[in-house]
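*Asks:* Each chain is listed here by its residues.
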Amino acid sequence: MNYFQLFGLSANFNIDLAKLSQLYQALQKTVHPDRFAHGSSQQQMIAVQKSAMINDAYQTLKKPLERAGYLLKLRGTEMPSEQASFSDNQFLMRQMDLREMLAEVKFADDVDSALFEANQTLEQEFLVLFKAMQTRLAQNTIDADKLAYEDFRKLKFYQKLQIELERLEEQLLTD
Amino acid sequence: MALLQIAEPGQSTVPHEHRLAAGIDLGTTNSLVASVKSGEAQTLNDESGNDILPSIVSYQADSVLVGEQAKSHAISDAENTIVSAKRLIGRSLEDIQSKYPSLPYTFCGDENHPEIQTRQGLINPVQVSADILKHLNTRAEQALGGELTGVVITVPAHFDDAQRQSTKDAAKIAGLNVLRLLNEPTAAAVAYGLDSGQEGVIAIYDLGGGTFDISILRLNKGVFEVLATGGDSALGGDDFDVAVVDHIIEKANLTRPLSNVMERQLSQQACWAKEQLSTHDSVDIDLSQGGKPWSMCLSKATFNGLIGGLVNKTLRACRRTLKDAEITIDDVIEVVMVGGSTRIPLVRSEVEKHFQKSPLTSIDPDKVVAIGAAIQADILAGNKPDSDMLLLDVIPLSLGLEIMGGLVEKVIARNTTIPVAKAQEFTTFKDGQTAMAVHVLQGERELVEDCRSLARFELRGIPPMTAGAAHIRVTFKVDADGLLEVSAMEKSTGVESKIEVKPSFGLDDKKITQMIVDSMTNAKGDIQARMVKEQQVEASRVIESIQAALAEDGKLLSSPEISVIEDAISSLAKITQTSIAADIEAAIEILNESTATFAERRMDASIRTALSGQSVDEV
Numbered sequence: 003m004n005y006f007q008l009f010g011l012s013a014n015f016n017i018d019l020a021k022l023s024q025l026y027q028a029l030q031k032t033v034h035p036d037r038f039a040h041g042s043s044q045q046q047m048i049a050v051q052k053s054a055m056i057n058d059a060y061q062t063l064k065k066p067l068e069r070a071g072y073l074l075k076l077r078g079t080e081m082p083s084e085q086a087s088f089s090d091n092q093f094l095m096r097q098m099d100l101r102e103m104l105a106e107v108k109f110a111d112d113v114d115s116a117l118f119e120a121n122q123t124l125e126q127e128f129l130v131l132f133k134a135m136q137t138r139l140a141q142n143t144i145d146a147d148k149l150a151y152e153d154f155r156k157l158k159f160y161q162k163l164q165i166e167l168e169r170l171e172e173q174l175l176t177d
Numbered sequence: 014m015a016l017l018q019i020a021e022p023g024q025s026t027v028p029h030e031h032r033l034a035a036g037i038d039l040g041t042t043n044s045l046v047a048s049v050k051s052g053e054a055q056t057l058n059d060e061s062g063n064d065i066l067p068s069i070v071s072y073q074a075d076s077v078l079v080g081e082q083a084k085s086h087a088i089s090d091a092e093n094t095i096v097s098a099k100r101l102i103g104r105s106l107e108d109i110q111s112k113y114p115s116l117p118y119t120f121c122g123d124e125n126h127p128e129i130q131t132r133q134g135l136i137n138p139v140q141v142s143a144d145i146l147k148h149l150n151t152r153a154e155q156a157l158g159g160e161l162t163g164v165v166i167t168v169p170a171h172f173d174d175a176q177r178q179s180t181k182d183a184a185k186i187a188g189l190n191v192l193r194l195l196n197e198p199t200a201a202a203v204a205y206g207l208d209s210g211q212e213g214v215i216a217i218y219d220l221g222g223g224t225f226d227i228s229i230l231r232l233n234k235g236v237f238e239v240l241a242t243g244g245d246s247a248l249g250g251d252d253f254d255v256a257v258v259d260h261i262i263e264k265a266n267l268t269r270p271l272s273n274v275m276e277r278q279l280s281q282q283a284c285w286a287k288e289q290l291s292t293h294d295s296v297d298i299d300l301s302q303g304g305k306p307w308s309m310c311l312s313k314a315t316f317n318g319l320i321g322g323l324v325n326k327t328l329r330a331c332r333r334t335l336k337d338a339e340i341t342i343d344d345v346i347e348v349v350m351v352g353g354s355t356r357i358p359l360v361r362s363e364v365e366k367h368f369q370k371s372p373l374t375s376i377d378p379d380k381v382v383a384i385g386a387a388i389q390a391d392i393l394a395g396n397k398p399d400s401d402m403l404l405l406d407v408i409p410l411s412l413g414l415e416i417m418g419g420l421v422e423k424v425i426a427r428n429t430t431i432p433v434a435k436a437q438e439f440t441t442f443k444d445g446q447t448a449m450a451v452h453v454l455q456g457e458r459e460l461v462e463d464c465r466s467l468a469r470f471e472l473r474g475i476p477p478m479t480a481g482a483a484h485i486r487v488t489f490k491v492d493a494d495g496l497l498e499v500s501a502m503e504k505s506t507g508v509e510s511k512i513e514v515k516p517s518f519g520l521d522d523k524k525i526t527q528m529i530v531d532s533m534t535n536a537k538g539d540i541q542a543r544m545v546k547e548q549q550v551e552a553s554r555v556i557e558s559i560q561a562a563l564a565e566d567g568k569l570l571s572s573p574e575i576s577v578i579e580d581a582i583s584s585l586a587k588i589t590q591t592s593i594a595a596d597i598e599a600a601i602e603i604l605n606e607s608t609a610t611f612a613e614r615r616m617d618a619s620i621r622t623a624l625s626g627q628s629v630d631e632v
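Protein chains in written order, with the numbering used here: chain A, 3 to 177; chain B, 14 to 632.
Simulated from the structure, these hints should not be mistaken for laboratory data.
Everything hinted at is true.
Taking lysine-lysine and the DSS-like style, the derived pairs with C-alpha atoms no more than 27 Å apart in a straight line are:
1. A:Lys-31 with B:Lys-490
2. B:Lys-435 with B:Lys-490
3. A:Lys-133 with A:Lys-148
4. B:Lys-234 with A:Lys-21
5. A:Lys-162 with A:Lys-65
6. B:Lys-435 with A:Lys-65
7. A:Lys-162 with A:Lys-75
8. B:Lys-181 with B:Lys-523
9. B:Lys-397 with A:Lys-31
10. B:Lys-234 with A:Lys-65
11. A:Lys-162 with B:Lys-490
12. B:Lys-435 with A:Lys-31
13. B:Lys-397 with B:Lys-185
14. B:Lys-435 with A:Lys-158
15. A:Lys-21 with B:Lys-435
16. B:Lys-423 with A:Lys-75
17. B:Lys-546 with B:Lys-523
18. A:Lys-158 with A:Lys-75
19. B:Lys-264 with B:Lys-112
20. B:Lys-181 with A:Lys-31
21. A:Lys-75 with A:Lys-133
22. B:Lys-423 with A:Lys-162
23. B:Lys-423 with A:Lys-64
24. A:Lys-158 with A:Lys-133
25. B:Lys-336 with A:Lys-108
26. B:Lys-336 with A:Lys-21
Reference listing, derived: stretches of chain B covered by chain A, where coverage requires no fewer than 3 residues with Cβ under 8 Å from a Cβ of chain A:
27. 393 to 407
28. 428 to 440
29. 486 to 499
30. 611 to 624
Ideal Cβ positions, reconstructed from N, Cα and C, are used throughout, including at glycine.
Model the full structure from these sequences, guided by the hints.
*Replies:* What follows is the structure, encoded as C-alpha cells:
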C-alpha cells in the first residue's frame, strides 16, 4: 500500500492539505500506541509500527518537495544517483553565484537587509522552478516526469541553500 | 440532552472495573502524584495533607528518608542527602562536574556511570529517583485503596534519550508499570486543554527547578499535536539560586571552596530570598555565624539584574522553537505558564512582553503537570474507551550516526512526530572490511564531539567486499515514550546479520535487576515472587485484551484460526496458576505470536473504518 492509498487519496501532486491533516488525525486516533497502552505487547508493537508508518506517510505527503520526490518514485521515473552531475551549466553557474551571495552576507554593512534580500532571491527562484515542476507533474507523462525530475533535483539545491541561510541567520542574530 | 446508550444483546460492553492509575511529576525540586477520582484529576496528599514532596532523599545508617524528612538533613548531612537528583540522571561524570562544580557529594564509579558515596554505599542517581517514585507509589496506593495498574511519568520535553531511559529504569527499580513517559509541557497542555476546549496554536512555557522547556502545540478536536519543542535541560530555578549565591559570596567577601554545610546553607538562603522577592521589593539575608553577625539586603532590582541573562536565554529558545514550528507570535492564541519558577515576576513580565499576551496561570504551576499526567494515565489505563483525546509528541533532539571524519549524519531530525522508524544505508570504507562500528549520537551539531553519545555497537560478519560495495542498513526506531532502538543489517549479499541495541548510557539490565534485588529485604524470595506476579498480571492483561478483541472482531478470523487462539489462551491460563515466571512468559509469547495476524487485520480494518468515516463526513 503506498502513502496515497494509505490515506485513500489518488496519487496526484496537488492534494488538499487540510483534508490530509484531517485524515492523518483520524488514522492516528485509531492506531496510535496510546490506544493500546493497556493492551498486549503484540498489539503495542503493531500499533507502534502502523503509527510510525502513518507518521512517515503524513510527513512525506505534507511537504511539497518530499511529495514530489515520492510521486516520481511511484511513477517509476528513472532517477540517476544523487551524485550524478548536471548537464545544465547555466543552473550550475547560478548556484555558484548564489553561494557567493550567502558567503558575503556577513560582510554586508546592513546584515539584516542582506539576509532579507538573500531570502527573497532564493524564494523567488525556488517558486519559479516549483511552478514548472507542478505543471509537469500534472501532465503525468514519461517525458514530462523526466523534466519534472530535473526540476526536483534543482529544487533540492535551493532547499539546501535555504537551510544554509537559516543557519547563517541564527548565527548572525545570536552573536 | 445526551442520549443514554444501551448495548446490543450479547455484546460485551460490560463496564470493566476501574483500573487504578496515576500521573507522577518527578520534578527536580519537588515531585507530585495525581489521579483521576470520580472524574476529576487531583493531586494526592500525604498524611499531613501536603501534596508537594521535596525531591530529596537522605541515606541514613538504617533508613532511607524521602521528602520533608530528608530535607531536614540537607544542610547538616549534605554528603548523604541527595537533592535535585534529576539534574544528575542519565549524565556522565564530566558533564555533572562541569555543570555543577560545587556539589557536596563524593562521586565514584566510572565516567559513564557516576555514583555518589553515601553511608549506605554507592548510590546511583537512578536509585535516588527510584526511591522518590516508590514513596509516591505508596502514597497513591494508600490514597486510592489498591495497587496501581500503571503510571504516567513526566519528563522535560528536552530530555535526551539517556535521561529518558534512566527515568524509565528508575520506575522499573521502583516496581512501577510505566504506561507512558509524557513530556511535561504536553502534560500541562492536557490539563488546560481539556478545561477550556480551545482550538488553535498554544505555547507552553515551562520553567522548573532544573529544566526549561518551550513547546508549541496545535489543538484540534481533542488532538494535541506538538509542532516543535525546545529548551535547555540544564536551566531552571536552581540556576537563579546559584546566581544569588555567587552574588552573596561576592558581597560577603567569601572565597571558595566553602564547606558543604556552608554551600547548602547559602543555596537555601538564596532560594528563600528568591521566593520572598516574588512578593516583596527587597529582602534581608542573614548569614550570621558563631556570634559573627553579617547580613545584606537584596533588592528586587538587583535580583532581576542577576537573573536577566538567564531569562533572556529562555526567550531566545522560544524564538528558535517558534521558527521550528513555522509559527509566528501572532498565531499563538494562548501562552501557558508551568513550573514554580514562572512565579517570579520578571519571568512573567518578560514572557508576556515576548508573546504580546498575558499568560495563563489559572492552574497552580506546581501542580499542572501532575494533573495532566493523571488525565493521560486514566485514559491509557483504559478507563475512558470513548475518549477522543490523542497526544502526538515529537523527539526534541536529532538522532544520527558517526560517519567518516568525526561528522554526524542525521537519521531523524528534531521535532519529528513519534513513534517513528527511519532507515539509512551506509557502506564500507576499506576493501575487505568485515566489521563496522556504529556510534549513535543525539544533538544538533555537526561534529561528533559536540553531540551526546548514546550508544556504540559493532556489526560483525560483513562478507569481505571492495570498499563501497556493502549495503549496511541502519534502522532507528523511536517509540511513543521517545526511546530509541537501533538495529543494523548487511543486506547486499542476502546474508543478514543483525544486531539490536538499546542505548544503555545509564544502566544495563543486569545492574537494574541487581538494584531491584538490593532494594528487597528478603532478596531472593521477594524478587522471584515479584517476577511471578508481574508475569501473572501481564498474562491476565493479555488474555483480557484478546478476549475482548475476539468478541468484537472475531469475524475477521476463520474458525480454525479462532480455535488456535483459544487453545493458546487456555494453556496460558493454566500455566499462570504455576509459579514459574519464565514459563508464564513463554506462554504469553506463544499467545502473542498466535494473534499477530489477528492484531494486524484488526488494525487494518480500523484504518479502513476510520477512512470511510472520513469520506462519509464529506458527502
